[in-house]
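Number of protein chains: 2
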Amino acid sequence: MPDISKRGAEAYSSPIRKLTPFADKAKQSGKKIFHLNIGQPDIKTPKEAIQKMQSTPVDVLAYSPSKGYLSLRKKITEYYQRYNVALDAEEILISTGASEGIFFTFLSCMDEGDEVIIPEPLYANYIGFAEYARCKVVPITSYIDNGFAMPTCEDFERKITPRTKAIMLCNPGNPTGCLYSEEALREIAAMVQKHNLFLIVDEVYREFCYDNQQYFSALHLEGLENNVIVLDSVSKRYSACGARIGMVVTRNKEVMRILTQFSEVRLSPPTFGQILTEYLVDTPQQYLDEVKEEYVKRRNLLFERLSKMEDVVCYRPGGAFYSFVQLPIDDCDRFCRWLLEEFSLDNKTVMLAPGSGFYATEGLGKQEVRIAYVLNADDLNQAMDCLEAALNTYPGRTELKKAR
Amino acid sequence: MPDISKRGAEAYSSPIRKLTPFADKAKQSGKKIFHLNIGQPDIKTPKEAIQKMQSTPVDVLAYSPSKGYLSLRKKITEYYQRYNVALDAEEILISTGASEGIFFTFLSCMDEGDEVIIPEPLYANYIGFAEYARCKVVPITSYIDNGFAMPTCEDFERKITPRTKAIMLCNPGNPTGCLYSEEALREIAAMVQKHNLFLIVDEVYREFCYDNQQYFSALHLEGLENNVIVLDSVSKRYSACGARIGMVVTRNKEVMRILTQFSEVRLSPPTFGQILTEYLVDTPQQYLDEVKEEYVKRRNLLFERLSKMEDVVCYRPGGAFYSFVQLPIDDCDRFCRWLLEEFSLDNKTVMLAPGSGFYATEGLGKQEVRIAYVLNADDLNQAMDCLEAALNTYPGRTELKKAR
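Those protein sequence lines, which keep their order, are chains E and V. In terms of numbering that gives the first Met the number 0, the first sequence is numbered consecutively and its last residue is 403. In terms of numbering that gives the first Met the number 0, the second sequence is numbered consecutively and its last residue is 403.
Derived by calculation from the structure, the hints in this document are not laboratory data. Don't take every hint at face value.
Some chain V residues well away from chain E (every beta-carbon gap over 10 Å; in silico) [as the list claims (entries may be wrong)]:
hint: 1; residue: 96
hint: 2; residue: 189
hint: 3; residue: 211
hint: 4; residue: 240
hint: 5; residue: 359
hint: 6; residue: 375
hint: 7; residue: 397
Pair ranges (Cβ atoms, derived) [as the list claims (entries may be wrong)]:
hint: 8; chain 1: V; residue 1: 329; chain 2: E; residue 2: 84; range: 46 to 56 Å
hint: 9; chain 1: V; residue 1: 54; chain 2: E; residue 2: 77; range: 24 to 34 Å
hint: 10; chain 1: V; residue 1: 160; chain 2: E; residue 2: 41; range: 50 to 60 Å
Straight-line C-alpha distance at most 25 Å; calculated DSS-like pairs for lysine-lysine [said to hold, decoys possible]:
hint: 11; chain 1: E; residue 1: 5; chain 2: V; residue 2: 252
hint: 12; chain 1: E; residue 1: 73; chain 2: V; residue 2: 24
hint: 13; chain 1: V; residue 1: 24; chain 2: E; residue 2: 17
hint: 14; chain 1: V; residue 1: 17; chain 2: E; residue 2: 51
hint: 15; chain 1: V; residue 1: 24; chain 2: E; residue 2: 51
hint: 16; chain 1: E; residue 1: 43; chain 2: V; residue 2: 51
hint: 17; chain 1: E; residue 1: 73; chain 2: V; residue 2: 17
hint: 18; chain 1: V; residue 1: 74; chain 2: E; residue 2: 24
hint: 19; chain 1: E; residue 1: 252; chain 2: V; residue 2: 5
Only a predicted model underlies this, so the values are computations on that prediction, with no experimental measurement involved. By construction, the Cβ of each residue, glycine as well, lies at the ideal position given by its N, Cα and C atoms.
Model the full assembly from the supplied sequences, consistent with the hints where possible.
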């Protein structure tokens, strides 16, 4: 029997999905699980767009151009205009989810061993895509005591080496829910320019900015046209994760040329998802407003419940639909598994994502979990009942450690 | 401005799509182009499956499991039963087109610098995926004088090094249309076993076997359960290229575990494509029979026309819908571009894929082109009129060179 690859044997395993077998077992035993572990919203996808896609006559379900249909890319420029971002359709590449866009961006900007600096806790799959592309994620730790605010430029500069090619941010942040301010972004931008780096920003949660904060995109940064690459997606915005439609946006012509060339290898992004997306862009603002209102309600509820739990450290996230929370536990992996295997409250339990999986630095995040507030208020309340009861009975309950 | 990656600058460019700008210009000037350059059939996708997918209620367009929906994977086992291949749903991973499956297979079986031996001319994107995964395609040349038949085991063995991890085949072959016999496959299988290699077989053209030849799949090889990895897709079978649904099939549990882990990084394959595919599997055999009949008609027409052209070397392909043809020309890239830019017959021309792009060995294929017979008989006839006239007026017409 031939051996699998070493990189396969050593490959990073998704912290978000690795508890699935235990969850499956719990379900089989009849336990109800509240899934706060993944960013799969329960929000309905805009009905009209689905209907229009489903009424579109399709005779031959053909490949699209590798870069995506021109009509779609033009349509997306309309969406960006609402954010005062003027784009040409040629500055947009349609990818199979933002996921594929991350991979193509890494391939286009970095060679094997090149480094991308990313604040941690970070979206765990960045590490997986860096493994695909054989480049290196250099983490820069942010802390719960200031709500995982942007590290300082000095912090970043200490991490820069001759192999550094890019700084990558997620704004608003998955898994922290932190929304970076215009001021913080401008400081990073100046540093990026000084060191001649790429600035890769994952903006898939752009719509989810709370407390009347205005969204400031990396695409708003003047003079950084050749440095900025923005990753985007319809998955969260329109609750259309299964469409697998993302995009890479850059005004750097050379980067776009290479992205396009890499995209040709896989032929084309999914056709139905592209048809749907053209209609999704026309979704009335009311839909987005209502969704945002719903998430604010959930966030407030979550914050209120967590704040009342003894020895639980939390903050009010400014965006996205995640909160990263510190708990008085010995080990988050053990705790999350225990929740599925041992704990139940009225035959119900809650599934959380262990915090350690969101750090590239070994050993960090052991007392932390990511909570995705993707369920309605009633479910979320029940899930918090579970968490509260669980913390009171968990045998591995310990003192809280100082973040730094 | 930061530099793009070296691998980006040196990246392989798809020979199939690189003439597109010249084709666009020709179209803008009002010229009609017969596209024999890409494997995009004009055959209709099964109407019933499209309708059923479009009638499926979708409230929340959610992620699917990374490996694909279990119901779909079970359905696909039914399809394989028709070929007397008994599979468990766990032995199937749904990929975003066979394309993604090739990439995951390379990642799972090979490390950087590891080698996969592939007969050439080969499906050009294999080279692109090897670049994604930083492994090496080692070509083994096959020749037009025997219809690009399987190289001998001795030929393969001469290419084996300590870095060789796999032999890869495309059967029936893109771009050659060559159908490998059971006997040829059994010989390769014995050699693969002897050298403890993976045998990766791209079988996306499985339905397209002509002249009453029975299809023999690598999945039929007894004792090679841990060596064989089959790539499959609904793109060609059901003319559903835009669904972006492929699959990787292997009975090697360790390989499947690693494939699944790599697949989790990109979350999930497209949901609509998966729903469609569940219905596609129920397409009546009559559809496939009629499609095959249509391709046989086209193949025969193509062969007949080419055979009558002076100094054109061709053969009757046994499968798929491609023919690799030798022409009395100086340089296929120049000729294919000239067809678009300079030539026209009644304001029409034909687009072909230059043969050189299908060889990993530098310098081969200069007098060859790939012809995809994906157009109906009338269009194909007109395209052949164009080719015949073009060969008579092309300024770079030269003597035919011996293949070997």
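Comparing the hints with the structure gives:
no.	hint	result
1	96	violated (6 Å)
2	189	holds (15 Å)
3	211	holds (28 Å)
4	240	violated (5 Å)
5	359	holds (15 Å)
6	375	holds (12 Å)
7	397	holds (31 Å)
8	V:329 x E:84: 46 to 56 Å	holds (49 Å)
9	V:54 x E:77: 24 to 34 Å	holds (30 Å)
10	V:160 x E:41: 50 to 60 Å	holds (54 Å)
11	E:5 x V:252	holds (16 Å)
12	E:73 x V:24	holds (20 Å)
13	V:24 x E:17	violated (51 Å)
14	V:17 x E:51	violated (34 Å)
15	V:24 x E:51	violated (33 Å)
16	E:43 x V:51	holds (21 Å)
17	E:73 x V:17	holds (23 Å)
18	V:74 x E:24	holds (24 Å)
19	E:252 x V:5	holds (16 Å)
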